[in-house]
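Starting from the known structure of chain A, arrange chain B on it as the hints suggest.
Spelled out, the chains give:
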Amino acid sequence: MPIHDQSYRRYGGGRAMPGQAWLVIARAGIMTMLRKRAFLGLLLASWVPFLVRAVQIYLAANYPQASLIAPTAETFRQFLAQQDFLVFIMTIYVGAGLIANDRRANALQIYLSKPLMRSEYIAGKAAVLFSFVLFVTLVPALLLLVLQVLFAGSFEFLQKNLFLFPAIIVATLLEALLSTFAMLALSSLSKSSRYVGILYAGIIFFTAAIYGVMVAITGSTRLAWLSLGANLTQVIDVIFRLKPRYATPWPVSLIVILAIVALSISVLERRVRGVEIVT
Amino acid sequence: MRWVCEERSDGRAPPEPSWNSGNPKHRISKDLESMEVVSAREPHAAAKTGPVVHLDAVTVIYGANRALKGVSARFEGGAVGLLGPNGAGKSTMLKALLGFIKPSEGRMTVLGLDVAERPMEIRARIGYMPESDAHIPGMNAVSFVAYCGQLAGLPAVDAMQRAHEVLYYVGLGEARYRNIETYSTGMKQRIKLAQALVHDPDLLFLDEPTNGMDPKGRDEMLELIRDLGHNKNVNLILSSHLLPDVEFTCDDVIVMDKGQVVAQGPIAELKGPGGRVFELRIKGNLPAFLDVLRQAGMEATSTDEDVMRVFVPATAGAVDGAANSALPLFALAARHGVQVRHLRPSVPTLEDVFAKAVGHE
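Chains as they are written, first to last, in my numbering: chain A, 1 to 279; chain B, 1001 to 1361.
Hint data in this document are derived by calculation from the structure and do not stem from the laboratory.
Wrong hints could be hidden among the right ones.
In silico BS3-like pairs for lysine-lysine, Cα to Cα no more than 27 Å straight-line [as the list claims (entries may be wrong)]:
(1) K1258(B) with K1216(B)
(2) K1188(B) with K36(A)
(3) K1216(B) with K1232(B)
(4) K1188(B) with K191(A)
(5) K1271(B) with K1069(B)
(6) K1188(B) with K1216(B)
(7) K191(A) with K1102(B)
(8) K1102(B) with K1258(B)
(9) K160(A) with K243(A)
Isolated chain A (complex conformation):
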């Protein structure tokens, strides 16, 4: 005789208001990644440049002999440029399987049979990658700014370069937006995360190669808009009030970036569905 009836019971508790499921998806996605040791290693490695820059700022602030390495506004731009490769790796590691794995396991019909909209599902998945990209770009960059104030013991640098604060935020958000939506769109196209990772890397390297060939042929950098990475570099340079390094007008680069984001959202809108209809 059972000592406890483990039968099905009705539920009488409360329920959350609709519209919060994306938070559940984001939280679950982040926790899933944080449980992977390899990913934790990657996260730690992505903060090594931060430590190097922190030491640089400390030395410059405390030792006059190190004035040569004193931070400037460009230092922060260089730091973000250094993080680009880590962002690339993280985007592939985190993002490639976000939707592809769900498609492989037919999880979309589980998700979309629950009270959540497709946009909530996409928002939840995007939040996972977005958070990690910002964790290796925005967070350390802002911390460096804070450290500069703390080590120098004055607000002089910050007052002279007040634009750095919004510049870091806008630049990192733009980078996170582009990499997140481009990767999510690719992830929605396949059931294999490996294939998606290769495809993403291929697009990045292929567009850069095409641009390199065009530079060799024309001798000009006006076609920098052909390269995904060059567009981002061009716009972020402008955000940091630096001289753009390519001849392509920066608004063109910005339009290309926004067009890629819009195209990615369009792909997601078509691919994230409860059923796949093949006619």
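For chain B alone, kept in the frame of chain A given last:
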């Protein structure tokens, strides 16, 4: 219990029932595209009152293929089987009700809510067990089911508690900490049922729930479904091409074929009390004798080289003064010089209903 056919607004009269028309309470049509069937049966003791699903002239088109052709139906609560061969439109109907597919025509309501206007409220109150393998990768069973509960709006603590309870209920209590990707097919079917139940839905959509299960697992799954529908106050729609599954778990059935509802009603009534079925083996001209039986008002189908299955309506027996007996068969056999080598009484099964409804003679 009664089933009432309503004439549609296009003025087309409902076609005459092709069989079992002796029962005035029973109206079955092979062409319910042109009519709406209203179930006004008394609700099951454990079922909700009021209609749970209502389809009004729903058409779903995939490219050039019309998957649902103007389907109109209205169902009361309880356990309802959605029966039909592969490609009949059963899964399409469920997916349309979930809002996955937008019909090109028609209107649907679930639990009184319009599918087109309030899909989120509907999904909060239904559970869906998909036909194909489906899970969230990288999770163990209890995390997966709790996660599904949270997606459905349950607080994290409640979702986890419900996940444990539901997993025990479906028989996965001991395996709840295993990664789902290591589960057998039968276990994956159970976990799909668990995720559909975790948020305590008012209505369950079960799409081929016994697919790929071994006989023992299948029996256990059917027991679970029967228990849910009959003892746990959960309305359910069971989509299946397996007649015994529907017959065991459901009280009502809707038979679909080629995108249309071809028969529906309480199973007991569809099987019909007004006649008997016999399995018959003869020596003689089988096709000619089949014709003789049909001309005598009986439903006769050849099932093997010399075996036939014959439905003798009560009226046919009454003509010879012995309702529900085999006497008319013997009389016809003697009259046409056919030897009856074997005769075994049988009961009408849902298979007979199904074969008749989809026109498989």
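Hints versus structure:
Between the alpha carbons of K1258(B) and K1216(B) the distance comes to roughly 32 Å, so the proposed pair goes past 27 Å and is violated. Taken as a hint, the K1188(B) and K36(A) pair is honoured in the structure, with Cα atoms around 25 Å apart against an allowance of 27 Å. Simply put, K1216(B) and K1232(B) have alpha-carbon atoms about 22 Å apart, close enough for the 27 Å limit, and the pair holds. For a cut-off of 27 Å, the pair hint linking K1188(B) to K191(A) stands: about 20 Å separates their Cα positions.
For the hint pairing K1271(B) with K1069(B), the CA-to-CA distance comes to about 26 Å; that is within 27 Å, so the pair holds. Among the hinted pairs, K1188(B) with K1216(B) is consistent with the structure: their alpha-carbon atoms are about 15 Å apart, no more than 27 Å. Only pairs whose Cα atoms come within 27 Å are accepted, and K191(A) paired with K1102(B) is accepted, the gap being roughly 25 Å. Note on K1102(B) and K1258(B): the hinted pairing holds, with a Cα-Cα distance of about 19 Å set against a maximum of 27 Å.
Restraint check for K160(A) and K243(A): satisfied, since their Cα atoms lie roughly 19 Å apart, inside the 27 Å limit.
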